[in-house]
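Construct all of the structure, not just a fragment, from the sequences and the given hints.
Single-letter residue listing:
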Amino acid sequence: GENVEQHPSTLSVQEGDSAVIKCTYSDSASNYFPWYKQELGKRPQLIIDIRSNVGEKKDQRIAVTLNKTAKHFSLHITETQPEDSAVYFCAASKGGGSYIPTFGRGTSLIVHP
Amino acid sequence: DSGVTQTPKHLITATGQRVTLRCSPRSGDLSVYWYQQSLDQGLQFLIQYYNGEERAKGNILERFSAQQFPDLHSELNLSSLELGDSALYFCASSVVPGDLYEQYFGPGTRLTVT
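Going line by line, the protein sequences match chains G and X. With our numbering applied, the first sequence corresponds to residues 2 to 114, in that order. With our numbering applied, the second sequence corresponds to residues -5 to 108, in that order.
Simulated from the structure, these hints should not be mistaken for laboratory data. The structure displayed is predicted, hence computed values, not measured ones. It is possible that some hints are incorrect.
What follows is a set of in silico ranges between Cβ atoms, one per label pair, in the way DEER data are often shown [claimed, not checked]:
| hint | chain 1 | residue 1 | chain 2 | residue 2 | range |
| --- | --- | --- | --- | --- | --- |
| 1 | X | R57 | G | E3 | 19 to 25 Å |
| 2 | G | G42 | X | R57 | 23 to 29 Å |
| 3 | X | N53 | G | S109 | 22 to 28 Å |
| 4 | X | A8 | G | K59 | 48 to 54 Å |
| 5 | G | D60 | X | V89 | 20 to 26 Å |
| 6 | G | P114 | X | R104 | 29 to 35 Å |
| 7 | G | K69 | X | A8 | 47 to 53 Å |
| 8 | G | S109 | X | Q11 | 30 to 36 Å |
| 9 | X | P64 | G | S27 | 36 to 42 Å |
| 10 | X | E48 | G | L47 | 22 to 28 Å |
| 11 | G | E84 | X | E48 | 36 to 42 Å |
| 12 | X | E47 | G | P114 | 47 to 53 Å |
Below are the EDC-like pairs computed for lysine to aspartate or glutamate, each with C-alpha atoms no more than 16 Å apart in a straight line [said to hold, decoys possible]:
| hint | chain 1 | residue 1 | chain 2 | residue 2 |
| --- | --- | --- | --- | --- |
| 13 | G | K38 | X | E96 |
| 14 | X | K51 | G | E3 |
| 15 | G | K69 | G | E3 |
| 16 | G | K69 | G | D28 |
| 17 | G | K72 | G | E3 |
| 18 | G | K43 | X | D(-5) |
| 19 | G | K95 | G | E3 |
| 20 | G | K43 | G | D85 |
| 21 | G | K72 | G | E6 |
No residue lacks a Cβ here, since even glycine has one placed at the ideal position from N, Cα and C.
Here it is in structure tokens:
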């Protein structure tokens, strides 16, 4: 089955810095890669996703890149703010009619004011 | 508020017992997903339903079962509970199955097995 590795497990940055979280996946058939943000004690929320036919996607301060050949994808957050502090999860799925995600173990992002 | 509701919020029970977790999807959503989040295993997909039918299975133990009822609410039944079943259980819903429509997560049910 699919295996998703996520690094780092903890990331501490100063407000205004950029943050990068990296994930690798094992199943070359995976073609949908969402990222979730989970604040302490809250539910996961989808923040951005990318499909295998796209190499990069941006949404304001958040961007995701995908390298299908190397089977890795990354989340980039620019101009970090304290409210970006949360646990971020990547996931990989074959997509289609049955969305069956495999998640990374999560990255705890801490943004210091 | 995502519009997905889960009850109860917290549940404390003993090993060997059986519990039922309930989920009501957002209005109009036909698909329901169940996830388990624990310190040991992280976030794991358990099972998916669409309009009352099981659509996909993930890492769901045989001691666990689920169903989706005609009114589209779903229940996750956990039996012969073990300490390792202590976790946060999330339900999510989407319009239809698949990755074309965003999943909205409920607030979760925290299960503690003592």
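Hints, one by one, checked against the model:
{"no.": "1", "hint": "R57/X - E3/G: 19 to 25 Å", "in the structure": "24 Å, holds"}
{"no.": "2", "hint": "G42/G - R57/X: 23 to 29 Å", "in the structure": "27 Å, holds"}
{"no.": "3", "hint": "N53/X - S109/G: 22 to 28 Å", "in the structure": "23 Å, holds"}
{"no.": "4", "hint": "A8/X - K59/G: 48 to 54 Å", "in the structure": "50 Å, holds"}
{"no.": "5", "hint": "D60/G - V89/X: 20 to 26 Å", "in the structure": "21 Å, holds"}
{"no.": "6", "hint": "P114/G - R104/X: 29 to 35 Å", "in the structure": "30 Å, holds"}
{"no.": "7", "hint": "K69/G - A8/X: 47 to 53 Å", "in the structure": "48 Å, holds"}
{"no.": "8", "hint": "S109/G - Q11/X: 30 to 36 Å", "in the structure": "33 Å, holds"}
{"no.": "9", "hint": "P64/X - S27/G: 36 to 42 Å", "in the structure": "39 Å, holds"}
{"no.": "10", "hint": "E48/X - L47/G: 22 to 28 Å", "in the structure": "23 Å, holds"}
{"no.": "11", "hint": "E84/G - E48/X: 36 to 42 Å", "in the structure": "38 Å, holds"}
{"no.": "12", "hint": "E47/X - P114/G: 47 to 53 Å", "in the structure": "49 Å, holds"}
{"no.": "13", "hint": "K38/G - E96/X", "in the structure": "14 Å, holds"}
{"no.": "14", "hint": "K51/X - E3/G", "in the structure": "14 Å, holds"}
{"no.": "15", "hint": "K69/G - E3/G", "in the structure": "15 Å, holds"}
{"no.": "16", "hint": "K69/G - D28/G", "in the structure": "10 Å, holds"}
{"no.": "17", "hint": "K72/G - E3/G", "in the structure": "12 Å, holds"}
{"no.": "18", "hint": "K43/G - D(-5)/X", "in the structure": "10 Å, holds"}
{"no.": "19", "hint": "K95/G - E3/G", "in the structure": "9 Å, holds"}
{"no.": "20", "hint": "K43/G - D85/G", "in the structure": "14 Å, holds"}
{"no.": "21", "hint": "K72/G - E6/G", "in the structure": "11 Å, holds"}
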